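Peer 1: With the hints as extra help, turn the sequences into a complete structure.
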Amino acid sequence: MDTFVRLPVDRGGPAQPLLLASGLRKHFPIPGGLLGRATKVVHAVDDLTLSVAKGETLGVVGESGCGKSTVARLLVRLIRPDRGSVVLDGDPVDEPHGITVNELRRQVQMVFQDSYASLNPRLTIVETIAFAPKAHGLPAAEAKARARDLLAKVGLEPATFAERYPHELSGGQRQRVNIARALALRPRLVILDEAVSALDKSVEAQVLNMLIDLKDELALTYVFISHDLNVVQYLSDRVMVMYLGKIVEIGRVDAIYGDPQHPYTRALLSARPSMDPRRRTREAPIQGDPPNPIDPPSGCRFRTRCPFAEEVCARVEPPLADVGRQAVACHMRARGSGHSRASR
Amino acid sequence: MTPLLSVKDLQVTFVTPDRTIHAVNGVSFDVKRGETLGILGESGSGKSVTLRSILKLHPAHRTRWSGSIALEGDEVLTMEGRALANLRGRRVSMIFQEPATAFDPVFTIGQQITESVRRHTGKSEAEAMKRAKDLLEMVRIPSPAQRLAAYPHEMSGGMRQRAMIALALSCDPSLLLADEPTTALDATVQIQVLLLIRELQRELDLGVIFVTHDIGVAVEVSDRVGVMYAGKLVELAGVEQMADAPRHPYSRGLLASTVHDGMRGQRLEAIPGAPPDLGEVPAACSFAPRCKSVEPRCLAAPPPLKPVDDSHFVRCVVAA
Ligand SMILES: Nc1ncnc2c1ncn2[C@@H]1O[C@H](COP(=O)(O)OP(=O)(O)OP(=O)(O)O)[C@@H](O)[C@H]1O
Ligand SMILES: Nc1ncnc2c1ncn2[C@@H]1O[C@H](COP(=O)(O)OP(=O)(O)OP(=O)(O)O)[C@@H](O)[C@H]1O
Ligand code: SF4
Ligand code: SF4
Ligand SMILES: [Mg+2]
Ligand SMILES: [Mg+2]
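Those protein sequence lines, which keep their order, are chains A and B.
Residue numbers 1 to 344, in our numbering, belong to the letters of the first sequence in order.
Residue numbers 1 to 320, in our numbering, belong to the letters of the second sequence in order.
To be clear, the hints were calculated from the coordinates, so they are not data collected in a lab.
Note that the structure is a prediction, hence the values are computed from the model and not measured.
Mixed in with the good hints there might be a few duds.
Non-contacting residues of chain A with respect to chain B, defined by C-beta distances greater than 10 Å in every case (computed) [to be verified]:
| # | residue |
| --- | --- |
| 1 | His-27 |
| 2 | His-43 |
| 3 | Arg-73 |
| 4 | Glu-103 |
| 5 | Lys-134 |
| 6 | Pro-273 |
| 7 | Leu-320 |
| 8 | Ser-343 |
Some chain A residues near chain B, calculated using beta-carbon distances under 8 Å [what the hints assert, rightly or not]:
| # | residue |
| --- | --- |
| 9 | Ser-64 |
| 10 | Leu-208 |
| 11 | His-227 |
| 12 | Asn-230 |
| 13 | Gln-233 |
| 14 | Asp-276 |
| 15 | Asp-289 |
C-beta atoms are modelled at their ideal positions from N, C-alpha and C, and glycine is treated no differently.
Peer 2: Take a look at the structure:
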């Protein structure tokens with residue numbers, strides 16, 4: 001029997017991370033310069049290590065270009081890392097004693113922002129959802145039945161919607177179809193890359209409620225990438241903050257939002273527009289734009305915008321280290337780093 | 001005193017070979033000098049169409065409009081020729097989400113701002129250059145003299161947005177139209193640009209209409225807020241009234257479904273369904289199919305915009 005028909009099984013037990021990525025690096029050479037030789041390199045993701053626990057939602061935040069989507073694409077192996085490894089529930093990916101990339105992609109699915117571009121305009125939505133299960137060997141009738149079942153789960157009445165084409169759906173409905181499609185292979189981990197960002201607020205709320213329900217019902221684990229800090233706070237158990245290809249802070253959601261340690265995390269949080277007209281923002285927390293990921297600053301990459309930057313920050317890259325409830329990469333929080341605000 | 005801008009019962013309909021879209025269905029509001037009116041609404045609610053109408057920017061051959069738009073007493077909808085050019089180039093400026101639409105990629109920022117200054121003021125080249133530098137300084141672009149020589153693509157997103165604001169202000173407009181100018185910016189940059197717009201509005205005593213779909217953004221910049229739904233203003237109030245006690249079921253739903261601090265663990269109160277098709281003139285309250293408080297009288301006719309008090313208006317038979 002095809003492996004596909006099996007329900008996913010927990011192999012390593014609840015304490016073993018569902019996904020462990022170590023030392024991931026992805027640099028993109030940009031063609032240019034003399035004779036079209038690659039002269040410059042985008043440091044999209046640099047030596048990034050993270051784990052995702054079974055059943056949790058890991059939120060990922062950071063400004064445009066900091067590498068969030070690149071991390072996601074590395075985790076599902078849509079692109080190959082220059083370095084580093086991915087281990088799924090104890091099984092290394094694409095290594096002799098591990099699992100294949102195909103098997104990884106069955107267990108880890110992705111949902112993107114652009115709900116229109118990611119659907120085939122010539123397939124009805126039931127065909128779209130049934131496509132992958134069929135390709136994996138599920139008989140057509142069963143694949144269709146599963147697709148209809150999933151449509152109902154994402155709140156689209158199969159009798160009304162099954163035979164429609166993508167252009168006959170609203171943005172919110174199309175995004176529900178994308179989510180149903182991602183669930184069709186019964187994945188264990190779903191990576192949602194700005195999956196609700198294009199939706200209007202009233203529709204976004206519907207989809208967020210649905211994501212929470214599906215997670216419980218299907219025992220899913222989520223990596224939730226978004227530039228909307230409020231939505232990430234609402235949905236996540238842990239949060240990872242990225243800046244120019246690096247993790248600057250990671251920890252439980254209440255620690256990150258309630259007691260942020262990295263100056264960038266603080267700036268990001270206080271840059272959120274106020275919802276209270278009596279407490280409007282008086283001053284922008286930091287000035288300038290994020291620097292270009294080509295030739296990132298030496299040492300701490302945030303130093304060009306950091307109000308606390310000192311000489312050591314340009315010279316030494318701060319390691320990501322535990323400080324109480326979270327891990328943070330800042331010399332001010334590292335004992336003996338040489339920063340005047342660090343304890344000795 | 002005549003307001004800076006007075007829009008009365010504006011209706012905009014697009015007629016294309018395959019369909020008719022009633023994009024704006026009777027919108028009325030005033031903007032005073034020195035005031036920012038925020039217009040909040042979801043995608044397709046008619047925010048941009050309303051804004052573009054003020055510059056009479058819609059394609060003439062397939063747009064039908066009625067109502068009135070008066071800028072300092074002058075009717076815009078019948079303007080043509082020089083009067084229209086003067087309106088667009090001098091009296092009213094617009095900034096957008098995408099600065100690429102405002103700048104020509106083959107000219108420097110300095111050339112483009114200088115050219116605009118010369119066109120509107122008849123200043124000499126040297127004077128216009130000086131003014132361009134002052135404008136860049138005004139929008140807090142560091143080392144403005146060097147920046148004049150930069151091409152648009154050589155600037156970061158936030159800088160380009162500032163340069164676009166400088167270009168928009170180069171003709172000393174009395175009204176600035178802002179169509180989601182910060183939506184594409186990063187969080188830490190967005191707040192800088194919002195604060196800049198707020199400061200410039202005060203410094204220059206501008207009237208501003210700021211369109212956004214983000215409640216937080218509207219709260220940061222607006223004195224008054226109008227909420228649009230399906231081509232109508234459904235509520236209009238001072239920003240504090242709107243944030244504390246919105247009356248229209250749609251405004252309330254929008255606030256309840258916007259995730260913010262402290263909502264963790266609560267189920268979101270989503271508004272069911274989706275906005276209506278704009279193919280027909282609404283014969284009832286457009287929000288009725290999604291409204292929890294719907295009653296038979298909501299379906300009898302489109303409800304009028306009624307005052308709750310002298311500065312708060314709501315288009316709902318139940319809430320008014
Ligand atoms: N295929 C590619 N070739 C070259 N550069 C790339 C490629 N993919 C991504 N990059 C660059 O890598 C950096 C990280 O991009 P990525 O898409 O991961 O950012 P992101 O955090 O997802 O941003 P956003 O919030 O805008 O989605 C960016 O500078 C981007 O331009
Ligand atoms: N030139 C046009 N021709 C035909 N239809 C148009 C035209 N411009 C806008 N529309 C339609 O009018 C309606 C209102 O559009 P508008 O751009 O004002 O929405 P909006 O509130 O600005 O939305 P968004 O938040 O997505 O920018 C939409 O249904 C849109 O498709
Ligand atoms: S390491 Fe230095 S520059 Fe980086 S965040 Fe900490 S204080 Fe700022
Ligand atoms: S008029 Fe009726 S249907 Fe419309 S918003 Fe008010 S209560 Fe709801
Ligand atoms: Mg991305
Ligand atoms: Mg618009």
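Peer 1: Return the numbers of the hints above that this structure violates; sort them in rising order.
Peer 2: 6
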